[in-house]
Amino acid sequence: LKAEGVRKTVMLTGDAPRIGEAVAAALSIDEVHAGLLPDGKVQALTAVKAASPAGLLLYAGDGMNDAPVLAMADVGAAMGGLGSDAAIEAADVVIMDDNPMKIPAAIRIARRTMRIVRQNIVFAIGVKAVVLLLGALGFANMWIAVFADVGVSVLAILNAMRALRTKKLAG
Numbered sequence: 128l129k130a131e132g133v134r135k136t137v138m139l140t141g142d143a144p145r146i147g148e149a150v151a152a153a154l155s156i157d158e159v160h161a162g163l164l165p166d167g168k169v170q171a172l173t174a175v176k177a178a179s180p181a182g183l184l185l186y187a188g189d190g191m192n193d194a195p196v197l198a199m200a201d202v203g204a205a206m207g208g209l210g211s212d213a214a215i216e217a218a219d220v221v222i223m224d225d226n227p228m229k230i231p232a233a234i235r236i237a238r239r240t241m242r243i244v245r246q247n248i249v250f251a252i253g254v255k256a257v258v259l260l261l262g263a264l265g266f267a268n269m270w271i272a273v274f275a276d277v278g279v280s281v282l283a284i285l286n287a288m289r290a291l292r293t294k295k296l297a298g
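Take any residue in the sequence shown, count from 1 to its spot, add 127: that is its number in the working numbering.
Watch out, some of these pointers could steer you wrong.
In silico lysine to aspartate or glutamate, EDC-like type, Cα no more than 20 angstroms apart, as pairs [unchecked claim]: (1) K135 x D201; (2) K135 x D157; (3) K129 x D157; (4) K129 x D201.
These are computed hints drawn from the structure, not numbers from a lab.
Construct the complete structure from the given sequences, taking the supplied hints into account.
As structure tokens, then:
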């Protein structure tokens with residue numbers, strides 16, 4: 128996660144404090160809150176969100192106790208293989224094989240997809256604006272207008288197809 132630009136990692140767990148702190152130390156987690164019941168996780172997540180208002184908050188969990196915080200987080204990621212139905216329903220993303228190492232891959236895929244979406248939006252609006260201006264000045268004919276509509280759509284679709292090649296990002 129740190130390699131993907133995540134500045135702060137926090138663990139909220141219902142496990143005993145001794146176990147939570149040992150796991151957090153082994154994984155280089157910045158902050159740990161252990162021994163939490165579901166309402167304690169909600170309070171801790173609220174405090175974490177308040178402490179970092181500028182950033183997005185991703186919460187990953189797998190149990191029934193995680194459903195409220197999965198729903199509260201900016202992005203909720205449930206571990207789907209062994210996760211409870213409540214956690215899966217509350218989550219935005221479901222990791223189907225319970226491998227938390229897939230979360231950084233999901234972040235890379237989401238960032239790449241958003242770059243492609245932004246490219247398509249800028250390209251489509253830009254071409255249409257230029258053709259609209261040319262049409263208003265009397266320089267664009269019907270074929271240019273057809274290209275601005277259909278051609279740009281085809282090019283945007285071809286550009287979006289690059290998102291299909293994201294499997295290598297998962298590894």
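Quick rundown of the hints versus the structure:
Note on K135 and D201: the hinted pairing holds, with a Cα-Cα distance of about 15 angstroms set against a maximum of 20 angstroms. This hinted pair checks out: K135 and D157 have alpha carbons roughly 6 angstroms apart, not beyond 20 angstroms. Straight-line distance between C-alpha atoms of K129 and D157 comes to about 11 angstroms, which keeps the hinted pair within the 20 angstroms bound. Restraint check for K129 and D201: satisfied, since their Cα atoms lie roughly 18 angstroms apart, inside the 20 angstroms limit.
Comparing the model with each numbered hint stated earlier shows that all of them hold.
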